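> Each chain, written out:
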Amino acid sequence: MDEVHLIRDVLDNQLMDREKCPMGKVDGIVLVLRKGKPPRLAYIEVGTSTLAHRLSTRLGKLAERVGRRWGVRGGEPFRIPWTKVRDVGIDVEVDLDASETPVLDWEKWLNERVVGHIPGGG
Amino acid sequence: MKKALEITLGILTSVGGFLDVGAIATAVEAGASFKFQLIWVVALGTICVIFLVEMSGRLAAVSRHTLVDALRERFGANFYLVPFVAELIVDFLVLAAEIGGVCIALQLVTGISFRWWALPVAFALWLLLWKGTFSIIEKGTSFFGLVTLAFVVAVFVMHPPWREVAAGFVPTLPGHGRTHYWFVAVAILGALISPYLFYFYSSGAIEDKWTEKDLGVNRGVAAVGMGFGSFVSLGVLVVSALVLFPRGITIDRYEQAALVLTEPFGYWGFILFAASLGIACFGAALEVGLDQAYVVAQALGWNWGENQHPSEDARFSITYTIFIFAASLLMVAGLDPLTLTIFSMALTAVVLPLVILPFLVLMNDEKYLGRHRNGVVSNTVVIVIIVMTFVMAVVAIPLQILGG
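The listed protein sequences derive, respectively, from chains A and B.
Under the numbering used here, the first residue of the first sequence carries the number 1, and numbering increases by one thereafter.
Under the numbering used here, the first residue of the second sequence carries the number 1001, and numbering increases by one thereafter.
No wet-lab data here; the hints were simulated from the structure.
Predicted, not measured: the structure shown is a model, and the values here were computed from it.
One or more of the hints may lead you astray.
Sample of chain B residues with no beta-carbon within 12 Å of chain A, all distances over it, derived [unchecked claim]:
(1) Gly1227
(2) Ala1258
(3) Leu1259
(4) Val1376
(5) Val1381
What the simulated footprint calls covered on chain A by chain B, stretch by stretch (three residues with Cβ under 8 Å from a Cβ of chain B suffice, anywhere in the stretch; the number is not a length) [stated by the list, open to error]:
(6) 3-16
(7) 46-56
(8) 108-120
Just so it is clear, CB atoms sit at the ideal spot from N, CA and C, and this is done for glycine as well.
Make the full structure from the sequences, and use the hints.
Written as structure tokens, this is what we have:
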């Protein structure tokens, strides 16, 4: 059985969907505490505010405010259930389709609003 | 046969990528102010860059990671933020300097001020990245970059005192202007050991889908390509030493630098200088602009690739668009391209350890490199040169600024 070190092998690693399409990186790992039972590994988080919170509380709050005001999905980090994780090797592979998740919201927004309007971009 | 072709192409590419505004400006300055005395610094920088380029190719081929990905994953986002921001700032200034180099070349030929050229040049760069593929950019840059061989031809036309040139490989101190001597040495090292080269090279290896089978090609390309590039740099330095040093001309404008090829080649020398400067800087600007987008996209885990259509990686494409036009605004504003070049090269030397030392840790990590880890020689050579460059930089730059 191979061991996985959450900080070394998962946190900050590249996330790939089932088609091996890059879908951001692992910005946070969430454990859920349960009464009388050991904590359970629940989610992977993807989002600028999660990353900002790791740097400093103040920066995290700022990122949240900016996200709520201008973010394409209200600045909420996207949570991927740990049960969706398929492989932790060089990258973290999850059993999802990136284009159906909010992680590509900015990509789609830029594509529709900006790139599509530039000649040769559409 | 295919392998030979690959090596040749790779070498051409690195020649194109090697010579940029920084290498030309610092070599002209070195020759004009200190004759052959700074040749040893070019040699030292070349050795270091050969080792580092080989490492970034090896990292990508073995671990299938670009340098940015590997650094972020190995050290974590909090740590990586520091070299990331440093690299973005330095790259931005270097990009502006490269655009400035192209604009100055156009000014030399047309007489129209470089400020007017900045936006058209930015547009041409952007258009090539927007419409082109990685291989067009790679091969175009290298093919046209061969015009810079004019400097090497000029050396042979001018019959330099070879014994004196050879003596330049041994470090000696000048009788005058020691502060300036060390400052120029730092700028040369910063110009040759540019971090963008390693990021770009490792991203290119991923774009070209290298595997462990390509390690031989990688070694050949790094050694011969970078060595060849530095040969051209030395050509610039020697020609400058032969033409400018005896006349006591020190460079404070690019127009004076253009004199170096008029002595051996007359009027055509002037055109050749402008063409070399313009083409080398245009190629380098393409690479640095693309590199900015690579670094940002890889640091944030986006989908990226110059071979994809802009609609397939919108964030990546918009990133280089913004950086290129923003950098060209520094030239529109009339910032002196030569001052900016020398300054950003010296700044590069200061931030080098931030990028290179974590890179070295990575190159010794079995998880990434397996049995292709660094040996004692690579580690020692790189550490010694980088630490030396850093010490020289933190001593020489303040002294240079204080002394005007």
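> Each hint: holds or not?
Structure-based check of all given hints:
{"no.": "1", "hint": "Gly1227", "verdict": "holds (32 Å)"}
{"no.": "2", "hint": "Ala1258", "verdict": "holds (36 Å)"}
{"no.": "3", "hint": "Leu1259", "verdict": "holds (41 Å)"}
{"no.": "4", "hint": "Val1376", "verdict": "holds (26 Å)"}
{"no.": "5", "hint": "Val1381", "verdict": "holds (28 Å)"}
{"no.": "6", "hint": "3-16", "verdict": "holds (count 6)"}
{"no.": "7", "hint": "46-56", "verdict": "holds (count 3)"}
{"no.": "8", "hint": "108-120", "verdict": "holds (count 8)"}
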